[in-house]
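Okay, here's what each chain looks like letter by letter:
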Amino acid sequence: RKEVEQDPGPFNVPEGATVAFNCTYSNSASQSFFWYRQDCRKEPKLLMSVYSSGNEDGRFTAQLNRASQYISLLIRDSKLSDSATYLCVVPGYNFNKFYFGSGTKLNVKP
Amino acid sequence: DAGVIQSPRHEVTEMGQEVTLRCKPISGHNSLFWYRQTMMRGLELLIYFNNNVPIDDSGMPEDRFSAKMPNASFSTLKIQPSEPRDSAVYFCASSPDRGRNTEAFFGQGTRLTVV
Chain A
1 RKEVEQDPGP FNVPEGATVA FNCTYSNSAS QSFFWYRQDC RKEPKLLMSV
51 YSSGNEDGRF TAQLNRASQY ISLLIRDSKL SDSATYLCVV PGYNFNKFYF
101 GSGTKLNVKP
Chain B
1001 DAGVIQSPRH EVTEMGQEVT LRCKPISGHN SLFWYRQTMM RGLELLIYFN
1051 NNVPIDDSGM PEDRFSAKMP NASFSTLKIQ PSEPRDSAVY FCASSPDRGR
1101 NTEAFFGQGT RLTVV
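Protein chains in written order, with the numbering used here: chain A, 1 to 110; chain B, 1001 to 1115.
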């Protein structure tokens, strides 16, 4: 089983919609998680960190379900500029290694 | 802060040639990572260093790939000889190694095309 798994999408949504992605992880001992955003032909950049049950930043909410070993990213009131690939990241032991999911592609349409 | 700096940004080379990718991590970061990204396989960790020492190179595809970190401010990833299947975007990332608050900061990547 891969360390991190994501639905590759694409998710095609209209502007203003609410969309959610899930990511499952295999290491039950993992303590912290990250969502990265990657625009086409650009490098990944940190979007949000998740350490406890969840985190909220404006239109973005990340939630953690330890029992089921998944994290989710919820985007409310989608904007055209939200179109990107969203990568789920789980650090390894001692946080010296980062396992990336394959990414979920989001297309927000006018 | 200039961020992680990679060079070259683009590289086109012929099969069989040696390719060297370079990375300057963010000053003060203890960990450095080399990733490869393709459409088929996504982001794959090739190798990572901690305090200039290679910790895990299990992701290096084969002996044609080698990586070095001679000091805290410079790392190279070398492919010799290169093959068309090595075509990908190679990212270098660094992190400050602060426990659970650690995040990885990526360079802009080197787009390698082997023809």
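These aren't lab readings, by the way, just hints derived from the structure by calculation. Values in this document were obtained by computation on a predicted structure and should not be read as measured data. Mixed in with the good hints, there may be bad ones.
[Stated by the list, open to error] Calculated pairs, DSBU-like style, for lysine-lysine (alpha carbon to alpha carbon, straight line, at most 35 Å):
1) B:1068 to A:45
2) A:45 to B:1078
3) B:1068 to A:79
4) B:1068 to A:109
5) A:42 to A:109
6) A:97 to B:1078
7) B:1068 to A:97
8) A:105 to B:1024
9) A:79 to B:1078
These are the hints, each one checked on the structure:
no., hint, in the structure
1, B:1068 to A:45, "holds (25 Å)"
2, A:45 to B:1078, "holds (25 Å)"
3, B:1068 to A:79, "violated (42 Å)"
4, B:1068 to A:109, "violated (44 Å)"
5, A:42 to A:109, "holds (21 Å)"
6, A:97 to B:1078, "holds (21 Å)"
7, B:1068 to A:97, "holds (17 Å)"
8, A:105 to B:1024, "holds (30 Å)"
9, A:79 to B:1078, "violated (41 Å)"
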